[in-house]
Structure formats: C-alpha cells, structure tokens
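With the sequences and hints as input, model every part of the structure.
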Amino acid sequence: MNLEVSIRRQLGATDLNVDFAADAPVVGLFGRSGSGKSSVVNAIAGLLKPEAGRIAIDGEVLFDAAAGINLPPERRRVGYVFQDALLFPHLSVKKNLLYGAPGTGMRIGFDAVVGLLGIEPLLERSPAALSGGEKQRVAIGRALLSQPRLLLMDEPLAALDNQRRQEVLRYIEALRNELRQPVVYVSHAVSEITRLADHVVLMNEGSVLAHGSVHEIFNRADLRPYTGRYEGGALIEAEAVAHDTSYFLTRFRFSGGELVAPGMDTPLGTRVRIRIRSRDVSLATERPSGISIRNVLEGEVTGVSESGGAIIEAQVRLGQEHVPARISRQAMDELGIAAGRRVFVLVKAIAFDKRSVGFTA
Amino acid sequence: MLSAEEIAIVLLSLKVAAASVVFSLPLAAAAALVLARGRFPGKTLFDALIHLPLVLPPVVIGYFLLLGFGRKGPFGAFFEQVLGLTFAFRWTGAALAAGIMGFPLMVRAIRLAIEAIDPRLESAARTLGAGPWRVLASVTLPLAMPGIIMGSLLAFARSLGEFGATITFVSNIPGETQTLPLAIYNFTQSPGGDAAVLKLCAISVLLSLAALAASEWMNRRSRGFAAARSLL
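Keeping their order, the protein sequence lines are chains A and B. So the first sequence is numbered by the numbering used here: it starts at 1 and just counts up by one. So the second sequence is numbered by the numbering used here: it starts at 1 and just counts up by one.
Possibly wrong hints are sitting among the right ones.
Only some residues are given here: those of chain A computed to face chain B with a beta carbon under 8 angstroms [stated by the list, open to error]:
| hint | residue |
| --- | --- |
| 1 | A45 |
| 2 | V78 |
| 3 | S146 |
Hints were generated in silico from the structure; no laboratory data involved. Predicted, not measured: the structure shown is a model, and the values here were computed from it. From the three backbone atoms N, C-alpha and C, an ideal C-beta is built for every residue, glycine too.
Here it is as structure tokens:
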C-alpha cells in the first residue's frame with residue numbers, strides 16, 4: 001500500500017504540519033499523546049478537514065485542497081478502528097459486523113473474518129454484554145468487512161488491560177499476515193509499533209520528526225529521546241532456528257550470532273524482529289564463565305555517547321546490527337570502553353518476552 | 001355509561017391529539033436534530049422561537065393562528081387554495097393549535113436524546129460507508145428513539161388538555177372542535193351540567209393517567225437502555 005499524506009491544519013495551540021509518504025503493508029504512527037497522531041488518521045478517514053495539502057492512497061486522491069477534492073468518509077473505503085470500539089449499542093454483534101459489508105463482491109468474507117477473530121460465539125449478543133477485548137475484536141471485524149483498502153487503527157489496545165492487549169495484538173498480527181490487510185497503526189507504545197509496523201512515522205508536536213523503516217527509526221541514536229530512553233534499544237532482524245522443548249527456550253539466529261529467549265510459539269524458519277532494550281544489555285571485556293546469562297556475543301564498540309551523567313550508552317556492532325548498551329560511566333572508565341574495543345555483549349534470556357518478538361510478514 | 005355525545009367528544013379529542021402528534025413529529029425531529037447537531041448563526045433565536053408556545057399565553061398563540069391560518073390569513077389561504085385544507089373552525093385547526101402548543105415539549109425531549117448520542121458513533125458509521133441519510137436512519141434516530149417516544153407522549157398529553165389556543169382559533173363547535181376541555185367548560189356554563197362535567201373530568205383523569213403511565217414505562221425502558229449503553 002502506498003500512502004501519501006501532506007497536510008496542514010491549525011489545532012488549538014499546535015500547528016499540525018505533516019508530510020510523509022510510505023510504501024509498506026503496515027505504517028506505524030508513533031509519538032507521545034498530543035503529538036497529532038489521531039488528527040492524522042482522522043484526516044485520512046475524512047473526519048477532519050485539513051486547511052491545505054493532499055492525501056492519496058495508491059495514487060487515488062482522497063483529499064486535495066488545491067484541486068478542491070474532499071471525498072466524504074463513506075466514499076474513501078478507509079476502515080477505522082477506534083480506541084473504544086464504538087460498536088452500535090442498538091444492534092447485535094452480527095448486525096454490527098454486517099453494517100458496512102457491501103453484500104456482494106467481498107474480498108474479505110464474513111466467515112473468514114469471524115473465524116480469524118474468534119467471534120463466532122458472540123454473534124447473537126448485544127455489544128453491552130462483551131468484554132473490552134471482545135468489543136475491540138468485533139470492531140476490527142466490522143471495519144474489515146466494509147472491505148477497506150486501508151484500515152486505520154487508533155490506539156486500539158489503549159483501553160484494554162495487559163492480558164486483553166496481548167490477545168487482541170495476536171489478532172491484529174493475524175489480519176496483517178493472513179489477510180494482507182494494509183494498516184495504519186497509531187500508538188504511543190514502543191512494543192506495539194516494533195511488533196506490527198514496517199514503516200514508522202515518528203511524530204512530535206504536530207509534525208513528523210522522522211520516518212523510515214521500523215529498523216532504521218528505532219536504531220537511530222539521535223531519535224532516542226523520542227523513541228524512549230527507558231524502552232529504547234535495538235531492533236534486530238532474526239530467524240527462529242530451534243525450539244528446546246525440555247527447557248522451553250527458542251533460539252534465533254541473526255547476522256551477529258544466536259540469541260536464546262524463553263519459548264515462543266514462533267514456527268521455525270519464521271523471520272522475526274527482536275527488540276533488545278539497551279538497559280538489558282551488559283558489557284564484559286573478557287568472556288565470562290560461571291554465569292547465568294545465556295546470551296554472550298562478541299562484538300566491537302563503534303561509539304560511546306555520554307553527557308557527563310551517571311549513565312552512558314555504548315554502541316556495539318554485532319554482525320550487521322548495532323546494539324546499544326546502557327551502562328554506568330564508572331563501568332565505562334574501569335573497563336576502558338571506547339570505540340574500537342572488542343567486548344562481549346551480555347543479555348539475559350529472560351530479558352525477552354512475547355512483546356519483544358514480532359513476526360515480519 | 002357514556003352517552004353517544006360523550007363518546008363522540010372523547011373520540012374527537014383522541015383524533016385531534018393523534019393528528020397533532022403525527023404531523024408535528026417529523027418537524028420536531030428535524031428541529032431537534034438541527035438544534036442538537038447544527039452550528040449556524042441565529043441558532044439561539046431559532047431555539048427561542050421554538051420555545052415561544054411554552055411561555056406565551058395560549059390565547060395569544062390562538063389569536064396569531066387566527067390571523068395567520070384563518071380563511072383570509074396568508075397561510076390559511078395558501079393551504080385552502082393549494083392543498084384544499086381548511087383550518088378555520090375545523091377539527092384540523094384544533095389539531096394545528098394542539099400541535100403548536102406541544103411542539104416545544106416534543107423538540108426538547110428529542111433534542112436531549114440526540115445530544116446524549118456519542119457523535120463518534122455517527123463518524124464510525126460514515127467510515128463504514130454509510131452516507132448522512134443512512135446514518136440518520138440507522139444510527140441517530142434508533143438511538144434517539146426513547147426521546148422520540150417520550151416527546152410524542154408529552155405532546156399527546158399536552159394536546160388532550162389544550163384549551164386556550166383552541167377556543168380562540170377554532171371556537172367551541174360541538175362535533176367539530178369541541179374537545180374534552182372545551183366540552184367540560186361548556187357544561188360548567190350550563191345549568192344542570194354538573195353530572196356531565198364530573199363524568200368528563202373522570203375520563204380526562206383516566207386518559208391523563210394512561211398517558212402518564214405509558215410515559216413512565218417508556219422512561220424506565222429508555223433509562224435501562226442508557227444504562228446498557230454506559231457499559232460500553
């Protein structure tokens with residue numbers, strides 16, 4: 001899916017000024033709350049009219065201020081999943097699902113959607129009788145059945161508790177991987193974006209700070225203040241190569257070696273992205289022995305960024321990947337960590353969980 | 001039991017009230033929609049205009065109707081010549097007067113119901129491919145239904161009791177414009193009418209109680225509905 005967005009609009013005190021083009025199955029709009037992400041999806045859906053600019057999907061113009069084009073929402077074929085589901089309270093789940101379905105010529109069929117989202121037992125119920133996760137799954141199904149060429153999802157997990165979040169996230173992954181549904185996914189959560197998005201648009205105070213592949217954006221050190229210091233780290237392209245069924249571990253191979261993580265349901269051979277948080281990474285100048293840490297990988301320091309505080313960040317090259325390690329400045333000085341130094345990168349196996357591993361379609 | 005004359009009075013009252021509700025409902029729904037969702041200059045004035053029958057003396061409304069919808073009035077002449085519909089001294093005029101008196105009550109109830117609907121539900125419907133008319137018919141109006149029913153009942157009850165505007169506009173003609181309140185008034189003015197007055201008053205009380213009970217039942221249902229919606 002090719003998406004071009006170039007819009008301007010005054011929104012209270014902030015000036016929305018967004019300009020990006022993306023050619024990817026899943027585009028992630030990422031940024032703090034109030035950065036204008038929702039306004040961008042509202043503009044794509046036709047619910048917010050920009051003052052100037054242009055929006056096009058796969059070359060078809062939805063909005064063009066200069067040419068006087070502004071398709072109404074119902075003619076854009078853009079589905080929308082809201083944060084709080086917004087199911088029609090007076091209609092059953094089944095009638096909600098069929099509200100936008102054209103009836104004939106459906107690329108995405110009713111049975112396929114119901115099966116994929118596991119909502120068969122809910123069909124006759126009223127929306128009031130559903131849990132938060134169920135509501136959100138029905139809302140996704142309702143949007144899918146309107147046969148959208150693009151599905152907008154605005155923080156679809158934000159209103160859910162952690163367990164429901166994992167549940168719905170799996171279904172969103174399934175619709176990306178199985179239905180090949182193009183999606184624009186809005187979130188302020190690093191783990192959701194790195195798991196789902198291929199192309200990331202990083203937003204701050206109404207404008208685009210940077211956009212590019214998820215790999216590029218989350219590995220850029222200069223964007224760290226926006227991609228999250230605490231959650232920040234590297235995103236590594238890897239492949240599941242072995243399951244250890246007695247210890248319930250999974251091994252992933254990447255260009256810099258192998259990583260061991262607690263058992264995932266990842267099928268062998270699957271390409272995945274693994275997020276390593278820089279605060280989970282330790283460094284050693286010799287290969288340690290008698291240690292519980294499962295992942296010990298040799299690499300080379302390519303740079304150190306320090307700002308005089310207690311914490312520094314060292315970039316270590318492992319194969320083609322760069323992994324940042326957050327360590328104390330004291331440790332840096334004692335171990336003589338500097339560019340060019342050979343080091344061992346240590347990461348506990350249990351630093352990884354389901355949230356740090358995302359399938360790539 | 002009731003005499004044929006009394007039954008005719010009750011039936012006429014019900015006919016007038018029903019006609020006034022049926023014909024004012026679409027207009028009231030449109031006005032409520034405009035007031036709840038519209039943003040335009042002069043909205044406050046429009047709102048005040050709709051509320052006029054609630055604050056003006058009914059006799060004043062009746063006199064304005066006489067001026068406007070009488071045989072020689074500008075609207076009256078139009079309706080008579082173009083649509084063949086006469087209001088002056090006819091039961092249709094009584095229905096018009098009752099409809100206008102009940103109009104603000106109806107608009108208010110529907111407007112409140114529409115304002116309670118999350119406008120984002122309408123946005124969601126638009127993104128699912130529904131045009132504005134389909135959104136109105138499939139989302140807004142069904143969700144406003146408790147308010148529509150409530151407003152209709154209020155207006156119906158108001159119509160049954162209408163006196164001042166009716167007697168001023170269409171007079172008190174037995175069999176044509178003499179509704180319950182007008183008939184009661186008539187009997188109080190004639191010697192020996194006490195028994196008939198009491199009987200008609202009892203019918204009035206019964207009809208009002210029935211309308212009240214129906215509205216209370218609807219109200220409870222709509223509150224149950226609102227409670228179900230608040231769980232979302």
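Against the structure, the hints:
no., hint, in the structure
1, A45, "holds, 5 angstroms"
2, V78, "holds, 6 angstroms"
3, S146, "holds, 5 angstroms"
The structure meets every hint from the earlier list without exception.
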